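Starting from the known structure of chain D, arrange chains W and Z on it as the hints suggest.
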Amino acid sequence: MTQVRLADLTKIFDDDFAAVNDLSLDIESGTLTALLGPSGCGKTTTMKMIAGLLRPTAGDIYFNDNSILDIAPEKRGAVMVFQNYLLFPYMNVGDNIGFGLKMRRVDKREIRRRVAEMLELVQLPGIEKRKPSQLSGGQQQRVALARALIVEPNVLLLDEPLSNLDAHLRDEMRELVRSIQRELQITTIFVTHDQEEAVVLADEIALMFDGVLQQYAPPAEFFEAPSTVAIARFFGGLNFIPGTLENGAIHCPCGSFQAPKSGVKAGVSTLSIRPEAIQLGGRGHNDVEGVIRSHVYVGRYARFRIDIGEFQVEAVTEPSQVQHHQDGSTVTLHFPPEKIWVLPPEEEHKDEGNESAG
Amino acid sequence: MRFPSPQTDRGRQNLRIALLLTPAISLIILLFMGGLLMGFIRSLNYFPLIGLNEPNLEAYRLVFTDREFFASFLLTFHIAFTSTVIASILAVGAALLLRPTFRGKKIISFFFQMNLTFPHLVGAIGILFLFSQSGFLARILTNADVISRPSEFPALIYDRYAIGIILQYIWKEIPFIGVIVLAVLQSVGEDYEAVAQSLGANRWQRFRYVTLPLIMPGVLSASVIVFAFTFGAYEIPFLLGRSYPAALPVLAVRSYTDVDLAAKPQAMAMAMVIAVLATMMILAYMNLTRRYVRSS
Amino acid sequence: MASIQSATQLREKLPFNWGSLLRWLGIAMLLLWLIAPMIPLFIWSIAYRWFFPNILPASYNMRAWEYAFSPAAGALESLYITTYIAVVVTLLSILVGVPAGRALGLHRFRGKRIIELLILSPTIIPSLAVILGIHVVFIRLGIANSVLGVILVHLIPGLPYMTLVMAGVFANYDPQFEEQARSLGAGPIATIWYVMIPTVMPGIIVGGLFTFLISWAQYITTLIIGGGRVQTLPLKLFNFVSSTDYPVTGALGIIFIAPGVLVLLLTSRYLTGRSAVGGIGNI
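Protein chains in written order, with the numbering used here: chain D, 1 to 358; chain W, 359 to 654; chain Z, 655 to 937.
Hints were generated in silico from the structure; no laboratory data involved. Small disclaimer: the values here were computed from a predicted structure and weren't measured. Where hints are given, some of them may not hold.
As the list claims (entries may be wrong) - If you want the footprint, here are the derived chain Z segments under chain W, 3+ residues with CB under 8 Å:
{"#": "1", "region": "673–681"}
{"#": "2", "region": "690–703"}
{"#": "3", "region": "720–732"}
{"#": "4", "region": "869–875"}
Cβ atoms here follow ideal geometry from the backbone N, Cα and C, with glycine treated the same way.
Only chain D is shown next, with the shape it has when bound in the complex (with noise of 0.2 Å):
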């Protein structure tokens, strides 16, 4: 059981490059925390921070609340798992996944029959024998897993661990890692880009921009109330409107609309609505006057793109839709309150919730 906390953690490279900004974050005991951002955004450098393959260059790591910077890796139990795995090309599959124990000199009987269980564990019994060379991605994803498994790790971090594989192992391979993690209670803390990969895994999501750590919670709330416009851009918001707030009610150029959620307390503030919230309709309150501009039906569901004044807003209704609706016709849209998030104004000349940045 280690609870992780980072202090004021930073790291800069080639003395002027900050990978990692000021970075503070409390990772609760036997949670699965993600860390997520576009590439280039610092999560892999943090990872290497915590296991110490990286010095920060100021800050602080505690494990229980004992700094580790002084303690060497190989005794840190903080076990990283590669993103393309790094099996050992000339040991077999055994020796890889019994590679730890061996360094911590246990008996060789002990190790052989740790190594039967983790393959057990990670579903793939009795290829003690076989090279790496001979097994699929999702087999060596798992046979990595066991080999950092098998040492009982502190903390156990996954770098990007889905990435290599394709759609339907993915699937797969998460369930393993969901239940082996709650089923060991192990700190796993993992990176990743794919904010779908850690919404559906993790506890706790920290995201970060340039370094930076953005907002660190629960992932619902990156839906429903991020705290700024990039991260509600990250997690796919797509509407965005200014204005001003102002007793519960956000008045913006095209109208006003009762905004009971807000992440502002008032003045000048941005009107955040997701594109599946938006009705085609009016309902006589919170209601606005649009134009469509174009439509495209997708199948399972059909998606708008609606003019408001010199505003585009985005609305996914059901595919049924489109047969009551063309394209330039006149159209009210209805926004529900509950639905609606306020935000800070969303900084100029930024673009960083762009999933391609870095």
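What follows is chains W and Z alone, placed relative to chain D:
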């Protein structure tokens, strides 16, 4: 529309491969294998042009009954084996030293590679000037009052143990093996060692169980080349070695350039023996080491 | 940032520790060992009256250098013929070794192992063992004692390196680039010239460097096949060592290593490339 059948497709592919290989293969067969075969024929005392029509093994009998031949073989083996082992170990050390990035790495790497371009002959002259009893080192030691006369400086050139020869080979082959090991290290990266460290391997364990097995195939390949070269080289033992016993190649050339024509088949026989010995030793070595690489 | 993702830095720059001190000591010793034999070589070339036990000569002059560059020494002639032979050998090796390297690096076929062994055999069987037999053949063909004969025998030790390096490079070569070029309208020769050659150029340079240096340094093959008529630099140098004229030996020795260093200066950035040198590690 007709599709080419897989058969003719493969036929065309094989033809292309054959065409690509033909120049190299014919060159090696004609020159290398031809030379070997001709040497073999002549070693059997078979030379119809001057009336020798009956092949026999007389030359081989002479070679194997010559006492200098055995002394020469032992000496040559000692030179090749000792040089290869020491150079390989030091080269791995040098490669590990030069592996991480540090200030001045470019310049030091250049010196390392520069050595690669020096001909062995120049190295031999340098070693001679440096280590002979009146050489540069002896001069320095005399001035430091460690020795008072050239004869007090240990005989490293023309000596019994062929130390000068071995020093020269070590000097020249460390960069050769080192450059190959560095290339291997660069291509495997440092991530395997990071994994091992994360799993609890300390510095020595990382070297022993990860780095070494990863570079071993490269070291073995390079050391095979070095062994073969040092076993068959002529000019270094000629310049830095004793005349009795001389290294096998020196012995072979000596009898080949002998004015006595009758010595020529003997030289040819010795050339054949060198070829067979070199091949046998390298096959045995590769067999032994392959097993090691597989089992570790 | 991408570099951080791929390369893990195991060792970080730390202000001071014993490990790094030891490392620097090791590097210094390595460097000293590498250049030590060249120091007396250089001093001898400009020494005038260098008696034991003086560490440095009593005085210096350029006699050895003047002599080395005078027509009487024949060193310039040797420099020319050595360069000529090495360049021709290198070009021929490229012509023969690049196709062979392509076949071995790119294709799998029956008997490949045997072909590999055959091409490798000159690195394992000492060339001295075959040179005597070749001499007999060359005498009969009338190309003994000729530059042509010397060029042919220099190909034997050079070709395996060229082929090995190229096989290593072609193993990482994607022939789909050629198909792309063909579909864009390039003919077979244009494809080789504009696609294949530029792509495998680093390998050609490294392989060429090795072949050049191997030919450049040949002694016994040149002596036997050239019969003393083809006086390359190593033969000249050998004569001077035996004559114990150390200053001229030193000067010739430096002349002998200069072109190699020059070629390396032009090509060293390719030597650290993994695929090119790595080919040799694949026996």
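Here is how each hint holds up against the structure:
1. 673–681: holds (count 3)
2. 690–703: Coverage by chain W holds here, the residue count being 8 at a Cβ distance below 8 Å.
3. 720–732: violated (count 0)
4. 869–875: holds (count 4)
The earlier numbered hint that this structure contradicts is number 3, and it is the only one.
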